[in-house]
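Visitor: Chain by chain, the residues:
2 protein chains.
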Amino acid sequence: MRVKDLSRLCVHTITTRPLDIETAVEKYVSRGICGITVWRDAIENTGARKAGQLIRNNGLEIVSLCRGGFFPSADPALRKSAVDKNLEAIQEAHDLGAPMLVLVCGAEPGQSLTESRVQIRAGIEDILPRAAELGVRLAIEPLHPVYADTRSAINTMKQAVDMTDYFDSPWLGVAVDVYHVWWDEELEKQIMECGRDGRLFAFHICDWKVPTGDILNDRGLMGEGCIDIGKIRGWMKNSGFGGFDEVEIFSEKYWRYDQDEYLDMIINSYLEHAL
Amino acid sequence: MRVKDLSRLCVHTITTRPLDIETAVEKYVSRGICGITVWRDAIENTGARKAGQLIRNNGLEIVSLCRGGFFPSADPALRKSAVDKNLEAIQEAHDLGAPMLVLVCGAEPGQSLTESRVQIRAGIEDILPRAAELGVRLAIEPLHPVYADTRSAINTMKQAVDMTDYFDSPWLGVAVDVYHVWWDEELEKQIMECGRDGRLFAFHICDWKVPTGDILNDRGLMGEGCIDIGKIRGWMKNSGFGGFDEVEIFSEKYWRYDQDEYLDMIINSYLEHAL
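Chains as they are written, first to last, in this note's numbering: chain A, 962 to 1236; chain B, 962 to 1236.
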């Protein structure tokens, strides 16, 4: 029988979106889940400090805060405002006690992706010193090219790695989400390079359903789709990554489920298809 | 005033799906459209020879037949059957008088994309001699990574170019569809390389709507989305491509339009946003 090892299992609050933060923490802990990644909307009412206290008091490890980013805009005033919002998010991560903030970098449909990447770089340049000061690591999450229109001009591991190379800072790294990068021929190579430089900061898992009904909110449980999660996880391990396996599933379908039942399914599919 | 140059404009029959082949030909010709790419379903009733005759009699140039491909399968018998179907498609292109068959190469969700590409290569190896014999060029169309689950394990220009490099045949090249490749940082470089070797066989245009409602059948008219079609067309020209600009739009929305009105919109958006 497989040993039930949940020591590296982390769940994103968005995965169980219907639960408030108190209930999520209680249900995660009671099942032996060891880590939590907090989405900002989940702690809006409670506040970062109080939420952090609650999570720690229950023995859960805070893996990261989701999310900052969305730097590009054709309007300089909006770019300035995006930087301000990111500085707030860094402060919130600090108040929460999260060691990391995930960045979904953004894209502006009216301009080229190259131009958007220049603006992303400028935005990171503006916030990185403050992140270092507060001890919050920034993790660039490359997004699948299907989101290149509005959500991210960083669509491959290579582009994320290039960005971290430019800054060469211990406070800037990459969040690898299997949903976004599974199709990439260069994935193993880029994970290895990124790991060699100590810049693999996070690992998100879910599955790509076949067919996918909605490109945003129809992600699958591990094993429900076409991604070889175990293989990618192996590459992460081989590259020296020792962090959590973070279950991040956006799913209108599963958000309608009884969340207790759903959490049991998450654990089973994690043990069966990710480890 | 812009000169109304439609000499390089081709429309795919699927773009005006509600029209039968006779009506499509008549409406294309009456507007000064010069080329047609025929989807196989459009000539099922008429037959390839008769359809070819009809098209030529009306002075339209047949640009290509869509489509062959879908080689991968875990089952060898199904792979063999896919090869047979592709040989039929090559024969049909020949009978129609189409100088080219477009290949959507396929993918099998239960196996790795690498394995699928090996099977694609084997499939092309099996059909290329017959294509050469009948004078039908095969154009590999890389598909957007959003279709990597079932439609194509060839998701970048680089992968398509690599495949043509492997065979190094004048009968195998690449069909560039802006919808599939617009996001790719390497696009210009790959178009240049592909053009240098004389392997740019086709150019398909439409637009990526923001937001896109349905990932399959919600493509936009040129100018309706975030793709800089003119820039990509410029790269094609600079690389020596002198073929048609083929309008290939899958759209539940536009298929419901009056197709006369829609064809006028296609021409206007082509003149305004593609040239």
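Note that these hints are calculated values from the structure, not bench results. You may find that some hints are simply not true.
Because identical chains share one entry, a pair is satisfied inside a single copy or across any pair of copies.
Once the Cα atoms are required to be at most 20 angstroms apart in a straight line, the calculated SDA-like pairs of lysine to any residue come out as [unchecked claim]:
| hint | residue 1 | residue 2 |
| --- | --- | --- |
| 1 | LYS1046 | VAL990 |
| 2 | LYS1198 | ARG1040 |
| 3 | LYS1214 | GLY1174 |
| 4 | LYS1170 | SER1034 |
| 5 | LYS1214 | GLU1185 |
| 6 | LYS1192 | THR1075 |
| 7 | LYS1150 | ASP1123 |
| 8 | LYS965 | PRO1070 |
| 9 | LYS1119 | ARG1157 |
| 10 | LYS965 | VAL1107 |
| 11 | LYS1192 | GLU987 |
| 12 | LYS1192 | ALA1093 |
Visitor: Decide, hint by hint, whether the structure agrees.
Guide: So, going through the hints one by one against the coordinates:
1. Within a single copy, LYS1046 and VAL990 get their C-alpha atoms no closer than 31 angstroms, and across copies no closer than 55 angstroms, so neither meets the 20 angstroms cut-off.
2. In this homomeric assembly, LYS1198 and ARG1040 never come within 20 angstroms of each other (Cα to Cα): the closest approach is 37 angstroms inside a single copy and 35 angstroms across copies.
3. Proximity of LYS1214 and GLY1174 under a CA criterion of 20 angstroms is satisfied in both settings, with 10 angstroms inside one chain copy and 18 angstroms between copies.
4. With identical chains, the CA atoms of LYS1170 and SER1034 are at most 20 angstroms apart between copies only, with a shortest distance of 18 angstroms across copies and 32 angstroms within one.
5. When the C-alpha separation of LYS1214 and GLU1185 is checked against a cutoff of 20 angstroms, the pair qualifies only within one copy, where the shortest distance is 13 angstroms, while the shortest distance between copies is 31 angstroms.
6. For the identical chains of this complex, LYS1192 and THR1075 are inter-copy neighbours only, at 13 angstroms across copies versus 31 angstroms inside a copy, given an alpha-carbon limit of 20 angstroms.
7. In this homomeric assembly, LYS1150 and ASP1123 come within 20 angstroms of each other (Cα to Cα) both inside a single copy, at 13 angstroms, and across copies, at 18 angstroms.
8. Within a single copy, LYS965 and PRO1070 get their C-alpha atoms no closer than 46 angstroms, and across copies no closer than 28 angstroms, so neither meets the 20 angstroms cut-off.
9. Taking the closest pair of Cα atoms, LYS1119 and ARG1157 come within 20 angstroms of each other only inside a single copy of the chain (14 angstroms); across copies the shortest separation is 26 angstroms, beyond that limit.
10. Neither within a single protomer nor between protomers do LYS965 and VAL1107 lie at most 20 angstroms apart by alpha-carbon distance, with minima of 35 angstroms and 34 angstroms respectively.
11. In the homo-oligomer, the alpha carbons of LYS1192 and GLU987 never lie at most 20 angstroms apart, since the shortest distance is 32 angstroms inside one protomer and 54 angstroms across protomers.
12. Taking CA atoms no more than 20 angstroms apart as the test, LYS1192 paired with ALA1093 passes in neither setting, with 33 angstroms inside one copy and 40 angstroms between copies.
In summary, the structure is inconsistent with hints 1, 2, 8, 10, 11 and 12 from the numbered list given earlier, while agreeing with the others.
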